[in-house]
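Just so you know, the protein sequences line up as chains A and B, in that order.
Just so we're aligned, residue 1061 is where the first sequence starts under my numbering, counting upward by one.
Just so we're aligned, residue 3 is where the second sequence starts under my numbering, counting upward by one.
In short, the hints are calculated from the structure, not lab data.
Just so you know, not all the hints are guaranteed correct.
Some chain A residues flagged as far from chain B (calculated, every beta-carbon gap over 12 Å) [as the list claims (entries may be wrong)]: (1) Ser1145; (2) Tyr1193; (3) Gly1204; (4) Gly1207; (5) Thr1215; (6) Leu1237.
Pair by pair, the computed Cβ-Cβ distance ranges are [claimed, not checked]: (7) Ala1165(A) to Gly346(B): 47 to 55 Å; (8) Ala1235(A) to Ala180(B): 43 to 51 Å; (9) Gly121(B) to Ala1235(A): 22 to 30 Å; (10) Arg297(B) to Ala1235(A): 45 to 53 Å; (11) Ser1145(A) to Pro393(B): 57 to 65 Å; (12) Ser376(B) to Ser1117(A): 38 to 46 Å; (13) Ser376(B) to Val1213(A): 42 to 50 Å; (14) Lys306(B) to Ala1235(A): 29 to 37 Å; (15) Pro366(B) to Asn1242(A): 28 to 36 Å; (16) Glu133(B) to Leu1243(A): 42 to 50 Å; (17) Ala1235(A) to Ala287(B): 34 to 42 Å; (18) Pro286(B) to Ala1235(A): 33 to 41 Å; (19) Val1213(A) to Glu173(B): 50 to 58 Å.
Only pairs whose alpha carbons sit at most 20 Å apart, straight line, appear in this in silico DMTMM-like list of lysine to aspartate or glutamate [unchecked claim]: (20) Lys331(B) to Asp357(B); (21) Lys1184(A) to Glu1244(A); (22) Lys331(B) to Asp263(B); (23) Lys306(B) to Glu1244(A); (24) Lys1184(A) to Asp1196(A); (25) Lys306(B) to Asp263(B); (26) Lys1184(A) to Glu364(B); (27) Lys331(B) to Glu1116(A).
We put the beta carbon where it would ideally sit given N, CA and C, even for glycine.
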Amino acid sequence: MAIAAHDVRRLSPTTNGMRFAIMNRIAIHCMRWAKALLLSTVVLVMPAPALAALGESIDDLPLAVASSREERALSSRSFVRNSGSNRVRISLTSAGTMVRQFANASGTVFLVMWEGPQMPNLEKLLGTYYPSYANDLRSRRIDGIRGPVQMHVDTIVVESGGRMRNFAGHAYLPALLPADFNLEAAR
Amino acid sequence: MTRNFVHMLGSVCTWRWLGALLLATLAGCGGGSEQNSASPADEALPRGTETNTNTPAAPNVINIKIDGGISGRSVNVPFASLTVCTPGSTSSCSTIDHILVDTASTGLRIVSSALSRAGINAADYSTAMGEPLAECFGFVDGSVWGRLRRLDVGLGGYRLQALPVQIIGDEQAATLPADCTGPFQNTVESFGANGVLGVSTFLQDCGATCAVSAAASHYYRCPATGCVRTSVPSQDQLQNPISLIPDVSNGLAIALPDVPDNGATAATGALIMGINTRANNALPAASTIFPLDPRSGYLSVLYKGMTLSNSFFDTGSNFLFFNDASIPKCVAPGYSRFYCPAPGTVITTSLTAQDGRIRTLELPLADVYSRYTSNPANSAFRGLGASSSLPGSFDFGIPFFLGRTVFTAFEGVDTQSNVAGVFGPWVAF
Chain A
1061 MAIAAHDVRR
1071 LSPTTNGMRF
1081 AIMNRIAIHC
1091 MRWAKALLLS
1101 TVVLVMPAPA
1111 LAALGESIDD
1121 LPLAVASSRE
1131 ERALSSRSFV
1141 RNSGSNRVRI
1151 SLTSAGTMVR
1161 QFANASGTVF
1171 LVMWEGPQMP
1181 NLEKLLGTYY
1191 PSYANDLRSR
1201 RIDGIRGPVQ
1211 MHVDTIVVES
1221 GGRMRNFAGH
1231 AYLPALLPAD
1241 FNLEAAR
Chain B
3 MTRNFVHMLG
13 SVCTWRWLGA
23 LLLATLAGCG
33 GGSEQNSASP
43 ADEALPRGTE
53 TNTNTPAAPN
63 VINIKIDGGI
73 SGRSVNVPFA
83 SLTVCTPGST
93 SSCSTIDHIL
103 VDTASTGLRI
113 VSSALSRAGI
123 NAADYSTAMG
133 EPLAECFGFV
143 DGSVWGRLRR
153 LDVGLGGYRL
163 QALPVQIIGD
173 EQAATLPADC
183 TGPFQNTVES
193 FGANGVLGVS
203 TFLQDCGATC
213 AVSAAASHYY
223 RCPATGCVRT
233 SVPSQDQLQN
243 PISLIPDVSN
253 GLAIALPDVP
263 DNGATAATGA
273 LIMGINTRAN
283 NALPAASTIF
293 PLDPRSGYLS
303 VLYKGMTLSN
313 SFFDTGSNFL
323 FFNDASIPKC
333 VAPGYSRFYC
343 PAPGTVITTS
353 LTAQDGRIRT
363 LELPLADVYS
373 RYTSNPANSA
383 FRGLGASSSL
393 PGSFDFGIPF
403 FLGRTVFTAF
413 EGVDTQSNVA
423 GVFGPWVAF
C-alpha cells in the first residue's frame, strides 16, 4: 500500500508541513487497509473531493476544483483501485477525514466508510438515502437515544460513532452488498 | 458526596444572591477575566427553584441533574443550569436550565431560542478583520450551525467574563454556507437540550487543525457577502470553559449517585471543577488513573478478548454502547437495538492503568425493555446497554457514571495537570 501513498505524494511534489502530515496520515491508513484488502494496481489518480452517493456510479464523480491556494494544499486527493471484482475510491476530505467508497463490478457504490477528525458530508455520501437517515435521527432524538448511530432499515444500514475530533462510521446498501464481501475485513 | 462540600470554606468576597439566581455579583472581587468567590457556609441560600435542588456548596461545584429533560422523556441525560449575563452586566442575567453536561465535546453552546427566551443579549464576537465568526460543527448524530458570541457565564461560583459561546441556530447567521451540511440540530427540540457544556479533555473544540487551515476548519467568517471557512487561532476557538479558571483549570470530577435497580425519577449529582487544587477535589488515594491517548482522547479497553482501542467515557451518551452478539437483544418492536439479558448479568471490561497493571471493571447489564416499561416515569437507570457494531469501541455512558466519582484531567502539560506525576489527559476512578 506504500505504493499508493507514494503515488499520491508524487502528485504534489512541493511539500510543506501540513501536506506532509496529511500524506503521512494517508500512508498510515493505507498500511492499515493493506491487511484487509488485496490490492492490485492503482488505476486512476486524480485530485477531486470524490463523493459519489450510495447507489450511484463511481465513474460519474464530479471533478471539483479547489478555489484557494490553501484549499489546493489540502484538497482531497482520491484514487481508485481494484480490490477483487470491486473498486475502492479513497479520498481525504479537506478536514482530513478519510472516505472510502466501495463499488461493485458494475460500478455502483454499495458501501461508504469514513474515519477522521470531522464528520464527512453525509448528504452527499448518502445521496437519495439521506432523507431517511435524517428522519431516523429525528425520531431517535424523540426516543431519547444519545450516542452512536445505528440505523438498520430495509434499504440502508448506517453505523456512525465517535466523539469530537474522532469520528468513524459506514453506510451500505444490503441489497447491493456482494455475497462474498467481508465488512469486518474492509474496516 | 456533595454533602461534604457544604462545609467547604474559602471566601474571597461576599456573594449576593439575586433572587433565585445562582449568579453572584462580584463587586469588590477585583479585575481579571475570571473571578473566584466563595459562599460562606452559614449564609442562607435560596432554595426552591426547580432546577436547583442543591445550592452550590463550594464555588467549584456545578449541580448536575438527570431528569426527563426538555421532552420529559429523556433517560440518563445529565443537565446543568447555568447563569448567563449580558457581558459586563450584573442585572441582565438569567439562568438557563437543561444544558447537557458533555465530557466528549468541548465548548459551551446555547440554542438561540433558549437565550432569547431568557432575555439575554450576547455581545458580538468577531475575527481580527471585524467579521462575525460562526461555526458548523458535526456531532455524531447531527450538526449545529450558529454564530459565536460573548456571554458572561457563571460556572459554580466563578464568573467567566465575555466567554465566546456558540449560539446554535442564531438567526443572524442564517446564511447557511453550502458546505455546512446536516442533519441539523439547531432547535431546542432537535438538540434535546437548551445547550451543551462541553468539558472534554480537549482544551479547544478543534485545536491545531482549525488554527492552521481554513479548508480544514469548521469555523466561518461571515462578511455581508456570505460565510466562508476560516482558520481561527486556538486561543480564539471555543474553549473548555473550566480550563479558563486558574484555580481549577486542570480537570474535573463528575459525581453521580447510584440509583435503585428500577431507576429513579431524577438523580442529582455534581460536576466538581479542578483536581487536587482544593479541599473538595482531591483525587482519592484509592483511585486508579487510566491514561488517555493525547491525540484522540481514547483509551484501549479489553472486552471478551477483543481490544477496543477507540473507547471513551462520555456523560453525553445515555447507554453503555458496545457490541456483543452473545448478549440477547430485546425482542419488542422498537427495542431491537437494546440489550435484554438475563437477570444478574454483569459484563467485565479490562483497562490498563497508569502503573501498567490491568484493572477489571464490572458493570451490571439490565433488561432495557422491562426497566423502561415497568418504570415509565423514571429517567435515571443503571445497566442500560445498547449495541453499536462499529468495531473497536466501548462507549461508557451514564450507566457507568452512576454511583461513581469520575475524575478527568485535561490535555496539557502545565504544572497544574501534574497529578501523581502523570500528565493529562487521563481518567481516574
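Here's how the hints hold up against the structure:
For Ser1145(A), the condition that its CB be more than 12 Å from all CB atoms of chain B holds, with the nearest at approximately 24 Å. Residue placement check: Tyr1193(A) does not keep its beta carbon more than 12 Å from all beta carbons of chain B (closest about 7 Å). With 12 Å as the threshold on Cβ separation, the claim that Gly1204(A) sits away from chain B is violated: the shortest Cβ distance comes to roughly 5 Å. Its beta-carbon lying about 4 Å from the closest one in chain B, Gly1207(A) breaks the requirement of being farther than 12 Å from that chain.
No beta-carbon of chain B is positioned within 12 Å of the beta-carbon of Thr1215(A); the least distance is around 17 Å. With a least CB separation of 15 Å from chain B, Leu1237(A) remains clear of the 12 Å interface cut-off, as annotated. Hint check: Ala1165(A) to Gly346(B), Cβ distance near 50 Å, so the stated range 47 to 55 Å holds. Our hint of 43 to 51 Å for Ala1235(A) and Ala180(B) is violated, since their Cβ atoms are close to 31 Å apart.
Between Gly121(B) and Ala1235(A) the beta carbons are some 53 Å apart, a value that contradicts the proposed interval 22 to 30 Å. Hint check: Arg297(B) to Ala1235(A), Cβ distance near 38 Å, so the stated range 45 to 53 Å is violated. In this structure the hint that Ser1145(A) and Pro393(B) lie 57 to 65 Å apart at CB is violated, the actual value being about 24 Å. At roughly 51 Å, the beta carbons of Ser376(B) and Ser1117(A) sit outside the given window of 38 to 46 Å.
Checking the proposed 42 to 50 Å range against Ser376(B) and Val1213(A) shows it is violated: the Cβ atoms sit about 29 Å from each other. At roughly 32 Å, the beta-carbon separation of Lys306(B) and Ala1235(A) lies within the given 29 to 37 Å, and the hint holds. In this structure, Pro366(B) and Asn1242(A) meet the distance hint of 28 to 36 Å, their C-beta atoms being roughly 34 Å apart. The hinted range of 42 to 50 Å is satisfied by Glu133(B) and Leu1243(A), whose Cβ atoms lie roughly 45 Å apart.
In this structure the supplied range 34 to 42 Å is violated for Ala1235(A) paired with Ala287(B), their Cβ-Cβ distance being about 58 Å. Look at Pro286(B) against Ala1235(A): about 54 Å separates their beta carbons, and that is not inside 33 to 41 Å. Distance hint check for Val1213(A) and Glu173(B): the Cβ-Cβ separation is about 34 Å, which falls outside the suggested range of 50 to 58 Å. For a cut-off of 20 Å, the pair hint linking Lys331(B) to Asp357(B) is broken: about 37 Å separates their Cα positions.
Proposed proximity of Lys1184(A) and Glu1244(A) is contradicted: the alpha carbons are some 24 Å apart, above 20 Å. A C-alpha spacing of about 19 Å is found between Lys331(B) and Asp263(B), which places the hinted pair at or below 20 Å, so the restraint holds. Pair hint Lys306(B) plus Glu1244(A) holds up; C-alpha atoms about 17 Å apart against a cutoff of 20 Å. For the proposed pair Lys1184(A) and Asp1196(A), the alpha carbon gap of about 17 Å is at most 20 Å, so the pair holds.
Distance hint between Lys306(B) and Asp263(B) is unfulfilled; the C-alpha atoms sit about 25 Å from each other, more than 20 Å. At roughly 42 Å between alpha-carbon atoms, Lys1184(A) and Glu364(B) are farther apart than 20 Å, so this suggested pair is violated. Our distance criterion of 20 Å between C-alpha atoms is broken by Lys331(B) and Glu1116(A), whose separation comes to about 34 Å.
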